[in-house]
Amino acid sequence: MVRPQLEQFEIHRMVPATTLGYDVSFTNASLFMLITLVGVWAFLTLGMRRATIVPGRWQSAVEMIHEFVVGMVDENIGRAGRNYVPFIFALFIFILFANILGLLPFAFAVTSHIWVTFAFAAFIFLLCIGIGFARHGLHFFELFVPPQTPVVLLPLIVLIELISFLSRPLTLSVRLFANMTAGHILLQVFAGFIVSLGLAGGLFAALGILPLAMNVALYALELLVAVVQAYVFALLTCVYLNDSINLSH
Amino acid sequence: MPQFDPHVAVPQIVWLIAVFAILYLIVRAALPKVERVVGSRAGVIGADLNEAEAAKSAAAAVITDYEASLATARAAAAKLAVEAKEATAAETAARLKTIDADLAAHTASAMARVEAARAEAHASLRSVAEEATTEIVERLTGRRPDPAEVAAAVAA
Chain A
1 MVRPQLEQFE
11 IHRMVPATTL
21 GYDVSFTNAS
31 LFMLITLVGV
41 WAFLTLGMRR
51 ATIVPGRWQS
61 AVEMIHEFVV
71 GMVDENIGRA
81 GRNYVPFIFA
91 LFIFILFANI
101 LGLLPFAFAV
111 TSHIWVTFAF
121 AAFIFLLCIG
131 IGFARHGLHF
141 FELFVPPQTP
151 VVLLPLIVLI
161 ELISFLSRPL
171 TLSVRLFANM
181 TAGHILLQVF
191 AGFIVSLGLA
201 GGLFAALGIL
211 PLAMNVALYA
221 LELLVAVVQA
231 YVFALLTCVY
241 LNDSINLSH
Chain B
1 MPQFDPHVAV
11 PQIVWLIAVF
21 AILYLIVRAA
31 LPKVERVVGS
41 RAGVIGADLN
51 EAEAAKSAAA
61 AVITDYEASL
71 ATARAAAAKL
81 AVEAKEATAA
91 ETAARLKTID
101 ADLAAHTASA
111 MARVEAARAE
121 AHASLRSVAE
131 EATTEIVERL
141 TGRRPDPAEV
151 AAAVAA
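For the record, the sequence lines run as chains A and B. In this text, residue positions in the first sequence follow the working numbering: the first is 1, and each later residue adds one. In this text, residue positions in the second sequence follow the working numbering: the first is 1, and each later residue adds one.
Derived from the structure by calculation, the hints contain no laboratory data. Owing to the predicted nature of the structure, the values given are computational and were not obtained by experimental measurement. A virtual CB, placed ideally from N, CA and C, is assigned to each residue, including glycine. Treat the hints with care, as some may be off.
Computed Cβ-Cβ distance ranges for the label pairs, DEER-style [unchecked claim]: (1) A:223 - B:51: 42 to 48 Å; (2) B:42 - A:83: 20 to 26 Å; (3) A:83 - B:54: 33 to 39 Å; (4) B:10 - A:203: 48 to 54 Å; (5) B:61 - A:136: 55 to 61 Å.
Using the sequences and the accompanying hints, generate a full structural model.
Shown next, in the form of structure tokens:
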């Protein structure tokens, strides 16, 4: 039995399925991943359907996000990062759409699940290690040795750098998961207050306006959080990729 | 929390990999078109700017030409004015000279006439003095003096 505030995060197996001994059931999470996919596809395809020199509103939106991602990649990685623009773009727009779609009533927030965010973070972590070794070979370990470190401090510094590097997938995944989960729980809690006060009747019912106003404000905040967290996730991915590509500190 | 249920990990991750792989391919396919449009827009804007720059420099050339021709016209006008002034001045000077010469001639003739009149007056004065002397002497002495003597006395 789960608390009512956490009910929204529950996974329901809509079409149970098993392949090669793995559970690949089509769940409500899968459904909203597909909805996100279709949303992104529609946004990109319809936005660029009549690609004109003087852009329309949708085309402007697509170009703006593209320019934003390219700017972020250029700023954090440099010219060498241009190959990763599609990946960062896909990452940013998927998380952005999933976050915002999750805020719709009755929707499921794909990014409020630690397995999803951790899968992203782990993939990015492995990608960084792979790119680092592919580009720099064993010199990649220099990432853990900042230049001009006194020899006495070397063991400590290397340990700290190693821990900060290894904790990246955890912090990256928990940040998004915790932000989305906390926001959705808050909305649910205040919505519960509205219902409770309404059922109490009389003067209490009139007081129900307070949690309602709170929820309206929270919803605005959650919209901001949805965009900011997508941005932070993409930005940190750029920063981590930069470490692997340019071996910088 | 339902999120920490290990049984929901595999279906989510499997679907996520599938969906994100497709999404990545969609984005990869869509981005070149965006870049092309942005690039062509930059090209059009750049060409327009170049055109404007060319038109601007052409206008500047026309202005320079105009200013140059204006300057030559002004110089020619100034030269003409100077020439006219000089010609007038020369003409005036020449006329002044002739007038001066005329005046000098007139003055000279007048002076000559004055001189002649004076000489004449002088001469007539002598004859009057001689006559008067003769009369005076005649009255005093009762005889008429010799005109030569009188003339000598008057001249003295």
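Structure-based check of all given hints:
Checked against the hint of 42 to 48 Å, the C-beta distance between residue 223 of chain A and residue 51 of chain B comes to roughly 44 Å, which is consistent with it. Remark: the range hint 20 to 26 Å for residue 42 of chain B to residue 83 of chain A is upheld by a beta-carbon distance near 21 Å. Judged by the Cβ atoms, the range 33 to 39 Å given for residue 83 of chain A and residue 54 of chain B holds: they are separated by roughly 38 Å. Separated by about 51 Å at the C-beta atoms, residue 10 of chain B and residue 203 of chain A satisfy the suggested range of 48 to 54 Å.
Between residue 61 of chain B and residue 136 of chain A the beta carbons are some 57 Å apart, a value that agrees with the proposed interval 55 to 61 Å.
Hint check: no violations occur; every hint is consistent with the structure.
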